[in-house]
Amino acid sequence: MTEPDPDTWQDALNRRLRTFIRTSPLHKLATSRRPEPLFESQDLRALALRALDLTIERMGLGFGITQVELHEELQPLIRACYPEATSEETSTVTDIVLDGLLNERARRQAFCEPYLFLEDEAPQRRSLQFHLLREVPAPDGTIVLKATTEAINLYAGMLEYPVEDAQIAEAAVLKSQLRRGRIDEALRTAKRARIRSIEYEQKILSLLQRVRRDVQQVDWIEEVLGLLAAARDHLESHLEREHETLSSVRSRLEKLEIGDPGKLVALKATLEECYQRHVQLHTKLIDANRQWLDEQDRQAFRPRSLDPLPDLEAEILQPLLLLRTGELAAKTNWLLTRLQPISVPHVLRLTSLVDMLLQPPRAAENLVADITHAELEHIGDPLIHFSTADRAAADDILRVFLNDPKQPRRRLSALLTFARDQGRSRMVCHYLVLHVLGAYEPAEHRAIEVLPTHEVLDDPDFYGDDLFLRRTV
Amino acid sequence: MSEPLDLASDASRLLFFGLQPRRRAAKTPEYGELLHRYRNTSQLRSFVETIADGLGLDVLGATDQGLVLGAQDESPFSQRLADYRRATTVEERMCHGLIQVAIAAWCYPTGSSLEGLDGDALGAQVPTHVLCLYLVNLCEELKRRATADPEFDNPELEEAWRGILSRAATKSTSDNRAAAKTLVGMVTYALKHLEQGGLMRKTNDNEGGTWQPLPAYRIQVRELAAHDLYRWVRDAASTN
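Protein chains in written order, with the numbering used here: chain A, 4 to 476; chain B, 417 to 656.
Wrong hints could be hidden among the right ones.
[Claimed, not checked] To list a few chain A residues with every Cβ distance to chain B over 10 Å, as calculated:
1) R183
2) I207
3) E330
4) M359
5) P385
6) D398
[Stated by the list, open to error] Listed below are the simulated SDA-like cross-link pairs for lysine to any residue, each with C-alpha atoms no more than 25 Å apart in a straight line:
7) A:K334 x B:T526
8) B:K608 x A:I146
9) B:K608 x A:H349
10) A:K334 x B:E556
11) A:K287 x B:K608
Simulated from the structure, these hints should not be mistaken for lab results. The beta-carbon is built from N, C-alpha and C at its ideal position, and this holds for glycine as well.
Turn these sequences into a full structure, and let the hints guide you.
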């Protein structure tokens, strides 16, 4: 929208009205509070402004503020109004404030307020769309809240004057205050200048981001190149002014001239932060044209639809609900391909499976489970396969067999033959075989030692390896 | 190694990271460096997009956190119902598909919200119960306007909204867990699947579980789904 001549009363009215309209979400917050003592003691508008203040502050220091940090910062203010508030209650209040600033109720769509716009005394009905807060991923992946340029402008209390003019004005005021030794006032002006620099940074970055998203959204040659050239000129002049002011502050600090050293240090830190921000922005602006050429190159061959994007709710979902179930069911795979993430096929590697199975079990911590013990029912005594008599007969046979001093080491095949010759039953022979196999475990001390012969057992009833048997000492 | 081979190697490596949707460039320096080169070097971009196309993938875009890949139809990477969830009846299959559209419509109801001129801003929260109520309310409105009787004993010929309403009436299990075949169970499953695929993040357990779309989800819906959905709806309307 082209700004009309700033000298007319219509222009001033339009600016003031738009600024006033942007406070409407805060007023809606005030009316949305619940009739409970916790909320009756709070001023949600004040909390919302404090939330914006904290967000802008953190944007200056980094990328924004997380929701967790905002909860922590607002908690003292909430408790100051209602000391009995629990952590859960303070979180509820903060969530309501955040939902109001994000327009969560309208699914984070832009706030949309109709208003009267005056052009040459002819009223026009227009709609003002704006956001106040956004949630974005920071470069390190953390999700943070950031204030929009509309919110920063609203917070700074300006009437939509171009941010460049505001910066020039504040720089002049700051210089005058320093010259007159008004350090307290200079510090306040520097803080306003800092907010202004964040606003300016957001303005430039938003433009560059639009280009990255879609070069066709911007008229680079006619519109953007001119804006970027003007921005570079403004920044170069502003950097000179800032450098001059910084030098003056550093000089005062070194000579401990007029003013509280603590406040001078704070003033220096604020000015240095703004200076660094502008230097980085200047670097981005110098590179902007090359980036545009790269983006154009990248996007030139991207197949693009000439149709505008549809309204998914009104133009897609509602008509689909009227289609036949069978028709929709036939398109399920087609829908899943487009609206669910890619499915990466997994390849089974046997070595990975074995490693996974051989991993030691993870130590479980703080397991809290209601273990219901099963009610067991006695169904009878366990079945005995070998009777006591069979076991005694087998032990007797084994003792006699291995007691021959002439044959300290004997074979299993010979033991079974001996047992049959003694008239022992097949069950006794079976028990003897199992007893010998049980004695094969080398780790435990056994009454008999069992070693392989590496020959096949020659026996009519049992198959396997023949074994050497020897009584141990 | 000659330069084209180096580029092919880097492009393959970038796709290797891109195929791990929960991998973040901020936490993997090599990924971040390749992503930066992808966004600023047309040669590497060409290689990435060509190799991806050969694999049946489309490079839908990139965020600061990674590449956003979409699957072509019949690609080995495309999500199929058989791998997604067991659905025995035609109504269940319809519900699983329609729920995907409902989630996208909730997050980006208008074309301008799908456009994403606000950059990488995260979308609105998606509370499971609220989304189910939203879908049921839409269906209730269609029911109020309905003039024709349903096709009894032939669920394939019934309008989809009837299937959604009957699914919403399906009770959960006695210990209040949402069974897989209830509307809430299906919505929760879809959102969890989107989370596992790096398109959503879970924010809290309120309202049956609340998720939030990440910038990659908007890119996928905008670049892969929106126009195709519109063409399908337009063609279906002209046929019926």
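Results for each hint:
Every Cβ of chain B is farther than 10 Å from the Cβ of A:R183; the closest lies at roughly 43 Å, confirming the non-interface assignment. The non-interface label for A:I207 is consistent with chain B: the shortest C-beta to C-beta separation is roughly 13 Å, beyond 10 Å. A Cβ of chain B approaches the Cβ of A:E330 within 10 Å, the least distance being about 7 Å, so the stated non-interface status is violated. Distance to chain B confirms A:M359 as a non-interface residue, since its nearest Cβ pair spans about 19 Å, more than 10 Å.
Even its closest Cβ contact with chain B, about 38 Å, leaves A:P385 beyond 10 Å, as expected for a residue assigned away from the interface. With 10 Å as the threshold on Cβ separation, the claim that A:D398 sits away from chain B holds: the shortest Cβ distance comes to roughly 57 Å. Among the hinted pairs, A:K334 with B:T526 is consistent with the structure: their alpha-carbon atoms are about 23 Å apart, no more than 25 Å. Simply put, B:K608 and A:I146 have alpha-carbon atoms about 19 Å apart, close enough for the 25 Å limit, and the pair holds.
Proximity of B:K608 to A:H349 is assessed by CA-CA distance (about 19 Å); at most 25 Å being required, the pair is judged to hold. This hinted pair checks out: A:K334 and B:E556 have alpha carbons roughly 24 Å apart, not beyond 25 Å. Between the alpha carbons of A:K287 and B:K608 the distance comes to roughly 39 Å, so the proposed pair goes past 25 Å and is violated.
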